[in-house]
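Here is what each chain is made of, one letter per residue.
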Amino acid sequence: MTDQPLVVFDGVVKRFGGFVAVDKLDLDIRKGEFLAIMGSSGCGKTTTLRMLAGLEAPTEGEIRLGGKRINDLPTWRRDTPMVWQSLALFPFLTVRENVEFSLRMRGVERTERRKRVDTWLERMQIAEFADRNVAHLSGGQRQRVALARSLVTEPEILLLDEPLSALDAHLKVRMQTVLSNLQRELGITFVYVTHSQSEAFSMADRVVIMSRGRVEQIGNAQEIYRTPRTRFVAEFLGSSNIFAGNVSNVSSHAVTISTPAGEFEVAPNAARPLAKGDKATFVVSDDRMHLSNSPPVNGLNRLETSVVGEEFVGATAIIHLEGAERIEIKAQKSHDELGELDLEPGTKVWVSWSPEATHILPRE
Amino acid sequence: MNDFNRNRLVDWALKLYVALSFGFIFAPIAASFVFSFNADRFPSLPLGGFSTVWYEAVWNDPLVWEGLRNTLIVGIVVSVLATVIGFGAAYTDFRYRFFGKTVYVALALLPPTIPVVILGLAMLAFLSSTHLSGAIYSVMIAHVVMCAPFAMAICRLRLSQMDPSLEAAAWNLGATEWMAMRHVIIPFCKPAIFSALFITMAVSFDEFAVAWFVSGLNETLPVKVLGFLQGQVSPRINVIGTFVFIASMTLVILAQILLMKRSAAPAGGAKETGAVTP
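Protein chains in written order, with my numbering: chain X, 1 to 364; chain C, 1 to 278.
Isolated chain X, as found in the complex (with noise of 0.2 Å):
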């Protein structure tokens, strides 16, 4: 993998009508990475692939691929094929058929056709289903045919539209891989868009949070799950407990946080230096909560809440926990950590983190 950029984005514009799908959008995306474009319907995620396989026009703002700039060059002369959501595949056509369609649009001759074809049928493990129809495949089947039938022409780029969605849990997982090692085999730029958290953070390399056209934050899975930039992302990969408040005291290793919840101890965060008085919000994520039935021993941030309930998931549990002014706290705990404990509803429970378990959000 190189730094250098494959496609740029250089504020790229994109209305419907009065709705502005991508705002201003920044973006490079780098040879050879495999990058995830996360966000929550109508973030416009989708947009902006379809502006990169040239689906949309920019209504302003600059795509450049390989340098190149590509705003008006109709989508059959740029090589950004897609895997689309809802696969489609031609269902007139046989599998072989879909997977030779590029090249033969693009005027492949005949025998290197059949060879490419039968390479990439190989590949993906569907040569023996070369001469069925489309129809009769199963999910998992279609899926190489979709990649098959993107691949054949051995693009840059590789563009993917919540491919996934359709298929249950353990094929996912299954198909994650086969795109993982693809990617890492292939050495070519998947750019991929999906709406899952473990999809994309599983998968990619870097991964852009978007909301409202916007890019929230771009990074690699730890950087965006332990150092969200905004109260979005936070808000959006739904594990951290988020305390606002006003800066009431600033030492050379902490800086002190009021909260309507209470004060709080939190590590200085280099990129957002406080003053007296600023406004500020930190997040706790909310496996480094510890909880206790007696008050914890000092030196840590604590909390006097009650129990409202818990949440299974799968080898841990979440522990919903309500402190005063209603603030609700998430805890995360394996299952032996919690059978120590009496978490009854309405049970008086004391949470509590250290000051380095916290982060404070760059962004206000």
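Where hints are given, some of them may not hold.
To be verified - Here are some chain X residues pointing at chain C (derived, C-beta under 8 Å):
1. Phe92
2. Met105
3. Arg106
What the hints assert, rightly or not - With beta-carbon atoms standing in for the labels, derived distance ranges:
4. Gly42(X) <-> Gly100(C): 55 to 65 Å
5. Tyr96(C) <-> Glu310(X): 31 to 41 Å
6. Arg110(X) <-> Tyr96(C): 30 to 40 Å
7. Glu128(X) <-> Gly88(C): 24 to 34 Å
Please keep in mind that the hints were generated in silico from the structure rather than gathered at the bench. Since we're looking at a predicted model, the values are computed, not measured. All residues carry an ideal CB built from backbone N, CA and C; glycine is no exception.
Given chain X, put chain C in place with the hints provided.
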């Protein structure tokens, strides 16, 4: 049907009702068919002997052949033109969004709802003032106007079943708009296109009123039949009626089979999905 609340009497009454309805619809046609093989000059019971004499009479009548030839030429030309126009109109509706689209679709589907007498008169007035009346192409023009909406309705239905990303997927894979039309849209719509060809041909085949207004000397078969009826009651009418009925029904049934085949096609694949590991 659920056996639990089934009433025998109601059951029988319903079956009888269905049988009577079919009888009411098909009895005149069946009578026409039976009498076409009757040796008697007048259609009355009891039947005379079996005979194909009227078929021979029709076979040897040059006027009938001329009418049939006109009908066929008109039918073929009309079905092709109406299907092309209908498909184009349906695709425009499918692909584009524009101001006044609702009005466009409503207007495009309007002709079959106009009473044929009014349409016939209007056609005659228009065609004669543009010096296009009284010829075989007058009938063609009038029939294309009447048939294109049927073709449009059929193609529109088919396009509405298409995954909207299919065409964009073709462009994305390197097909220009014309190539996508040729390699994706038309193959997808093929059953509907054939079905539209047959239906429009059938509509043109037994359309009488408008053809009567505009055909002049180039009478189609249904117009000829009226000519026979006005002159004399001849069992030859039964023969022609039987023939027209069989021809139209064949076309309509062919269209139906095509439409049914395509809706049944995807179901076949579901069975295997579980068995093969992806």
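Comparing the hints with the structure gives:
| no. | hint | verdict |
| --- | --- | --- |
| 1 | Phe92 | 5 Å, holds |
| 2 | Met105 | 4 Å, holds |
| 3 | Arg106 | 5 Å, holds |
| 4 | Gly42(X) <-> Gly100(C): 55 to 65 Å | 29 Å, violated |
| 5 | Tyr96(C) <-> Glu310(X): 31 to 41 Å | 54 Å, violated |
| 6 | Arg110(X) <-> Tyr96(C): 30 to 40 Å | 36 Å, holds |
| 7 | Glu128(X) <-> Gly88(C): 24 to 34 Å | 41 Å, violated |
Hint compliance for this structure: hints 4, 5 and 7 are not met, and every other hint is.
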